[in-house]
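Protein chains in written order, with the numbering used here: chain A, 267 to 774; chain B, 267 to 774.
For the record, the hints were derived by calculation from the structure and aren't laboratory data.
Computed from a predicted structure; not experimentally measured.
Any given hint could turn out to be false.
Unchecked claim - Derived pair list, reagent style DMTMM-like, types lysine to aspartate or glutamate, alpha-carbon separation capped at 20 Å:
no.	chain 1	residue 1	chain 2	residue 2
1	B	Lys646	B	Asp682
2	A	Lys566	A	Asp682
3	A	Lys541	B	Asp658
4	A	Lys592	B	Asp665
5	A	Lys592	A	Glu621
6	B	Lys300	B	Asp318
7	A	Lys361	A	Asp531
8	B	Lys721	A	Asp481
9	B	Lys592	A	Glu597
10	A	Lys750	B	Asp481
11	A	Lys303	A	Glu365
12	B	Lys538	A	Glu427
13	A	Lys538	B	Asp405
14	B	Lys541	A	Asp405
15	B	Lys538	A	Glu712
16	B	Lys721	B	Asp665
17	A	Lys592	B	Asp308
18	B	Lys721	A	Asp404
19	B	Lys723	B	Glu668
20	A	Lys753	B	Asp388
21	B	Lys646	B	Asp665
22	A	Lys721	B	Asp404
23	A	Lys541	B	Asp404
24	A	Lys538	B	Glu596
25	B	Lys723	A	Asp481
26	B	Lys302	B	Asp388
27	B	Lys646	B	Asp605
28	B	Lys753	A	Asp476
29	A	Lys538	B	Glu662
30	A	Lys592	B	Asp605
31	A	Lys541	B	Glu427
32	A	Lys723	A	Glu712
33	B	Lys723	A	Asp404
34	A	Lys723	B	Glu427
Here is what each chain is made of, one letter per residue.
Protein chains: 2
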Amino acid sequence: MTRSTLNTFRLYATGKKTVPLTVEKYPGFQRDDKYKKLTSTDVDYFRSIVGDTGLIYQNEDDLEAFNTDWMNKFRGQSQLVLKPKTTQQVSDILKYCNEQKIAVVPQGGNTGLVGGSVPLFDEVVVSLQGMNQIRSFDDVSGILTADAGCVLESLDNWLGEKGFMMPLDLGAKGSCHIGGNLATNAGGLRLVRYGSLHGTVLGIEAVLPDGTILDSMSTLRKDNTGYDLKQLFIGSEGTIGIITGISILTPRRPSAIHVALLGVDSFEDVQKAFKQSRIQLSEILSAFEYYDNNAFQIFKKHNDARSIMDNEYPFYVLIETSGSNKDHDEEKLNTYLEDMMTDGIAQDGVVAQDESQSKRIWGVREGLTEALGKEPAVYKYDISMPVSKINDCVLEMRDHLEQGGAFGKPDSPVIDVVGYGHVGDGNLHLNIPAKSADPRVLELIEPFLFEWVSKQKGSISAEHGLGISKNQYLSYSKSESMIKLMKTFKSVLDPNGILNPYKYLPTK
Amino acid sequence: MTRSTLNTFRLYATGKKTVPLTVEKYPGFQRDDKYKKLTSTDVDYFRSIVGDTGLIYQNEDDLEAFNTDWMNKFRGQSQLVLKPKTTQQVSDILKYCNEQKIAVVPQGGNTGLVGGSVPLFDEVVVSLQGMNQIRSFDDVSGILTADAGCVLESLDNWLGEKGFMMPLDLGAKGSCHIGGNLATNAGGLRLVRYGSLHGTVLGIEAVLPDGTILDSMSTLRKDNTGYDLKQLFIGSEGTIGIITGISILTPRRPSAIHVALLGVDSFEDVQKAFKQSRIQLSEILSAFEYYDNNAFQIFKKHNDARSIMDNEYPFYVLIETSGSNKDHDEEKLNTYLEDMMTDGIAQDGVVAQDESQSKRIWGVREGLTEALGKEPAVYKYDISMPVSKINDCVLEMRDHLEQGGAFGKPDSPVIDVVGYGHVGDGNLHLNIPAKSADPRVLELIEPFLFEWVSKQKGSISAEHGLGISKNQYLSYSKSESMIKLMKTFKSVLDPNGILNPYKYLPTK
Numbered sequence: 267m268t269r270s271t272l273n274t275f276r277l278y279a280t281g282k283k284t285v286p287l288t289v290e291k292y293p294g295f296q297r298d299d300k301y302k303k304l305t306s307t308d309v310d311y312f313r314s315i316v317g318d319t320g321l322i323y324q325n326e327d328d329l330e331a332f333n334t335d336w337m338n339k340f341r342g343q344s345q346l347v348l349k350p351k352t353t354q355q356v357s358d359i360l361k362y363c364n365e366q367k368i369a370v371v372p373q374g375g376n377t378g379l380v381g382g383s384v385p386l387f388d389e390v391v392v393s394l395q396g397m398n399q400i401r402s403f404d405d406v407s408g409i410l411t412a413d414a415g416c417v418l419e420s421l422d423n424w425l426g427e428k429g430f431m432m433p434l435d436l437g438a439k440g441s442c443h444i445g446g447n448l449a450t451n452a453g454g455l456r457l458v459r460y461g462s463l464h465g466t467v468l469g470i471e472a473v474l475p476d477g478t479i480l481d482s483m484s485t486l487r488k489d490n491t492g493y494d495l496k497q498l499f500i501g502s503e504g505t506i507g508i509i510t511g512i513s514i515l516t517p518r519r520p521s522a523i524h525v526a527l528l529g530v531d532s533f534e535d536v537q538k539a540f541k542q543s544r545i546q547l548s549e550i551l552s553a554f555e556y557y558d559n560n561a562f563q564i565f566k567k568h569n570d571a572r573s574i575m576d577n578e579y580p581f582y583v584l585i586e587t588s589g590s591n592k593d594h595d596e597e598k599l600n601t602y603l604e605d606m607m608t609d610g611i612a613q614d615g616v617v618a619q620d621e622s623q624s625k626r627i628w629g630v631r632e633g634l635t636e637a638l639g640k641e642p643a644v645y646k647y648d649i650s651m652p653v654s655k656i657n658d659c660v661l662e663m664r665d666h667l668e669q670g671g672a673f674g675k676p677d678s679p680v681i682d683v684v685g686y687g688h689v690g691d692g693n694l695h696l697n698i699p700a701k702s703a704d705p706r707v708l709e710l711i712e713p714f715l716f717e718w719v720s721k722q723k724g725s726i727s728a729e730h731g732l733g734i735s736k737n738q739y740l741s742y743s744k745s746e747s748m749i750k751l752m753k754t755f756k757s758v759l760d761p762n763g764i765l766n767p768y769k770y771l772p773t774k
Numbered sequence: 267m268t269r270s271t272l273n274t275f276r277l278y279a280t281g282k283k284t285v286p287l288t289v290e291k292y293p294g295f296q297r298d299d300k301y302k303k304l305t306s307t308d309v310d311y312f313r314s315i316v317g318d319t320g321l322i323y324q325n326e327d328d329l330e331a332f333n334t335d336w337m338n339k340f341r342g343q344s345q346l347v348l349k350p351k352t353t354q355q356v357s358d359i360l361k362y363c364n365e366q367k368i369a370v371v372p373q374g375g376n377t378g379l380v381g382g383s384v385p386l387f388d389e390v391v392v393s394l395q396g397m398n399q400i401r402s403f404d405d406v407s408g409i410l411t412a413d414a415g416c417v418l419e420s421l422d423n424w425l426g427e428k429g430f431m432m433p434l435d436l437g438a439k440g441s442c443h444i445g446g447n448l449a450t451n452a453g454g455l456r457l458v459r460y461g462s463l464h465g466t467v468l469g470i471e472a473v474l475p476d477g478t479i480l481d482s483m484s485t486l487r488k489d490n491t492g493y494d495l496k497q498l499f500i501g502s503e504g505t506i507g508i509i510t511g512i513s514i515l516t517p518r519r520p521s522a523i524h525v526a527l528l529g530v531d532s533f534e535d536v537q538k539a540f541k542q543s544r545i546q547l548s549e550i551l552s553a554f555e556y557y558d559n560n561a562f563q564i565f566k567k568h569n570d571a572r573s574i575m576d577n578e579y580p581f582y583v584l585i586e587t588s589g590s591n592k593d594h595d596e597e598k599l600n601t602y603l604e605d606m607m608t609d610g611i612a613q614d615g616v617v618a619q620d621e622s623q624s625k626r627i628w629g630v631r632e633g634l635t636e637a638l639g640k641e642p643a644v645y646k647y648d649i650s651m652p653v654s655k656i657n658d659c660v661l662e663m664r665d666h667l668e669q670g671g672a673f674g675k676p677d678s679p680v681i682d683v684v685g686y687g688h689v690g691d692g693n694l695h696l697n698i699p700a701k702s703a704d705p706r707v708l709e710l711i712e713p714f715l716f717e718w719v720s721k722q723k724g725s726i727s728a729e730h731g732l733g734i735s736k737n738q739y740l741s742y743s744k745s746e747s748m749i750k751l752m753k754t755f756k757s758v759l760d761p762n763g764i765l766n767p768y769k770y771l772p773t774k
């Protein structure tokens, strides 16, 4: 999603339709009485920290964008948004909230998919959008330090002028904050090449619930002095501290990028193509994505696009290479594609000849989410598992829904079960478009799917996190002893439980 | 260090020289009375877990190798070594030790440099050498799972037959265990290319002090379900749990490797060469190492090697590329070298034409440690800092020692101050060979050096960890709030403090 689509969604939310409150949609949540209700004294105190322009109070129109997520799936009831400008202000805010037991929701670009960044009840929203300065950049090592509220795409553009790039890329880059990326351990499209944030993030500055500023803003690639505490904050979804600054290792921007599309007959061949790409494309492979023909049909239904290939195939593979030498990369990619065709692994192959062709190929893969969003209803899952199991998951879900009477006949509620995702990461986006949001269908899907994923030792949330929509299912991905230890850490770091309550860890 | 040199060191320790006890060398440590002294009942209980062949008790000859480190710098007084064969045995051992308050030192290949893997007093050694089985390998994703006691080189050889490799490499590979690599967050030679273990390790199985088996043996590249607890164990030096199993992402083994050596006039030019290598060699760069001419002179003193270059230069740069296409890599490397010479950044350049020439070039870089070890005494430091400061550190230490009257005259105690290391990682190995171990010299070096590193926001231990030799200096690298939080985690995870006591965190 680009910035413009995000804005469209926002306008939609405020203009045309009232999003139901999360607590109405997910019944069973009760406001915890241990949290203080805001008083005018509290608001005055916060005003003394951030100033008149640093807060939004009881103005429903202005609060809307902070109370509602971009998909219009979640809506909270916060009366106060704070926009600190400095780490010290964040510290002062949290110290007071902790003393007064005021619940807080940290918020970055608010582009999450699991409701983690919006409140449920009257939690105070602490938005990082006022902290958006680049702090330093070392063009020898490629190490960037920046405020947590910097927008990912802005950082990437800024680095681009210096010949570097951010090591992560995702659809929401035009709106998401780097601090939010860290807090949710964002993966995205470049993970197969540049690895996860646990490897690329070198330092974090975070404010703990009691106001302690934890300065771990290392700009060192190697530092073996004590527990690597910053790692706990990566993927903690704002539950143990507010990330205010980041230090990250950025790679050189590649001078040559190539994109190709393969038509493939079976998922076994998709795997063979992936395996061989790691040998022949090796160091220049920067994306290996797949989508099935069912997903492509949904795309075609909502898009007027010319076909990229003459024929249709059960599976499509999108390959991207990024390297420092155009001729070398072209030679590697062409040899690889020839081998795939000769060996019968690919039935067809197309290499983009220019940027507009690259965009067309990427356009289908990236447009799947939007096309699926145009169906009357869609059940979306972001799961990971051993690569070999990806298509089994799609097939077994189809069987299961058919046996359950929800799929396969003209009057069935389910339209289709489609799969696409990041093959290299074992990450499947399983989507089930349906004629309407139907609790009976949901009961067929869950917990069947989570149990299936659990049996494969997969993850029920590969990239999207837990938030409010996955936290009760954590036991399908993590053992009892792991969850117990997580709860211990949460209570040690946030004894009053003021940070992002009701979410992340199971409450039941 | 290869396995054979390690054995030599071991023989030296047992045969010719009695290593002084650590507690004699580092006075001020006292055995903590809270730990129980072993009784025959305890030993019988342990025997019931691991069997007769799974323990060594009160046999000084057999205990020696577990009580002494390979450098003969540290010696403990343990009377009991346990060699469990299963994770359940490790759990049973720790549960009992925790209940009885028996102190434990986990031990892998015992190749550490800071005394972290040997006991101080009568702690029980739990050696992982009996747990050395590969558990699984997925040749599509490249994900390996294995017991913690597997030797790094054995894993790498095993993977080599399948076209894969371990993402880390270090001198001690012939002896060190993968579990110990994780426990010490080993960096090594390939970090510039494959990143740190925080990125490549996907899962850990660890036993907590109370015997809880923490099963986080994920084989997923993406999993955003809760705090990433495994990260805390990476670099924890055996203080919060014993790692018994690992899951790691392994890259394809490159089919082409090239090695080159540059002669360079200034450290500014070393940085320029590094910067340009990231542009031109980019995705194939797998090592960028430097050593200064002073280090090279020490090497020459102890080695009968033919010179690789005709002339000598103030600095030498070793570049290694690893890729999937020999011709492409050669072209990139040759173009880069020509540009370096044309631009006057390098004064001379040599590319190895075969494996024996590669070995000769690597031989100097890797032989520096051994050569320095042949000096009468040597003060060794492993520090990291912004790349631009690396040579300043060497120069300022020379000045400081000269002003302190310890260097620069024929009768000065210090022979030289030399630098070498991993430029790409900002990692300097600062070595100060001297005519004898002289407390006056040590007092000049420390804490001056740590203060200097601290001012550059560097790390006092880039790769080697803290153990017993660096833990009291932690505050030079980490803030008070960070150390406080580390101590909190330690006390939460190991409330009785049975794991690796007296080490890692400051005791004073």
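Do the hints match the structure? See the list:
no.: 1; hint: B:Lys646 <-> B:Asp682; in the structure: holds (12 Å)
no.: 2; hint: A:Lys566 <-> A:Asp682; in the structure: holds (14 Å)
no.: 3; hint: A:Lys541 <-> B:Asp658; in the structure: violated (46 Å)
no.: 4; hint: A:Lys592 <-> B:Asp665; in the structure: violated (48 Å)
no.: 5; hint: A:Lys592 <-> A:Glu621; in the structure: holds (14 Å)
no.: 6; hint: B:Lys300 <-> B:Asp318; in the structure: violated (28 Å)
no.: 7; hint: A:Lys361 <-> A:Asp531; in the structure: violated (59 Å)
no.: 8; hint: B:Lys721 <-> A:Asp481; in the structure: holds (15 Å)
no.: 9; hint: B:Lys592 <-> A:Glu597; in the structure: holds (13 Å)
no.: 10; hint: A:Lys750 <-> B:Asp481; in the structure: holds (12 Å)
no.: 11; hint: A:Lys303 <-> A:Glu365; in the structure: holds (13 Å)
no.: 12; hint: B:Lys538 <-> A:Glu427; in the structure: holds (19 Å)
no.: 13; hint: A:Lys538 <-> B:Asp405; in the structure: holds (11 Å)
no.: 14; hint: B:Lys541 <-> A:Asp405; in the structure: holds (8 Å)
no.: 15; hint: B:Lys538 <-> A:Glu712; in the structure: violated (57 Å)
no.: 16; hint: B:Lys721 <-> B:Asp665; in the structure: holds (17 Å)
no.: 17; hint: A:Lys592 <-> B:Asp308; in the structure: violated (67 Å)
no.: 18; hint: B:Lys721 <-> A:Asp404; in the structure: holds (17 Å)
no.: 19; hint: B:Lys723 <-> B:Glu668; in the structure: violated (25 Å)
no.: 20; hint: A:Lys753 <-> B:Asp388; in the structure: violated (35 Å)
no.: 21; hint: B:Lys646 <-> B:Asp665; in the structure: holds (18 Å)
no.: 22; hint: A:Lys721 <-> B:Asp404; in the structure: holds (17 Å)
no.: 23; hint: A:Lys541 <-> B:Asp404; in the structure: holds (11 Å)
no.: 24; hint: A:Lys538 <-> B:Glu596; in the structure: violated (29 Å)
no.: 25; hint: B:Lys723 <-> A:Asp481; in the structure: holds (11 Å)
no.: 26; hint: B:Lys302 <-> B:Asp388; in the structure: holds (10 Å)
no.: 27; hint: B:Lys646 <-> B:Asp605; in the structure: violated (36 Å)
no.: 28; hint: B:Lys753 <-> A:Asp476; in the structure: holds (17 Å)
no.: 29; hint: A:Lys538 <-> B:Glu662; in the structure: violated (56 Å)
no.: 30; hint: A:Lys592 <-> B:Asp605; in the structure: holds (18 Å)
no.: 31; hint: A:Lys541 <-> B:Glu427; in the structure: holds (16 Å)
no.: 32; hint: A:Lys723 <-> A:Glu712; in the structure: holds (17 Å)
no.: 33; hint: B:Lys723 <-> A:Asp404; in the structure: holds (14 Å)
no.: 34; hint: A:Lys723 <-> B:Glu427; in the structure: violated (27 Å)
The structure shown violates the earlier hints numbered 3, 4, 6, 7, 15, 17, 19, 20, 24, 27, 29 and 34.
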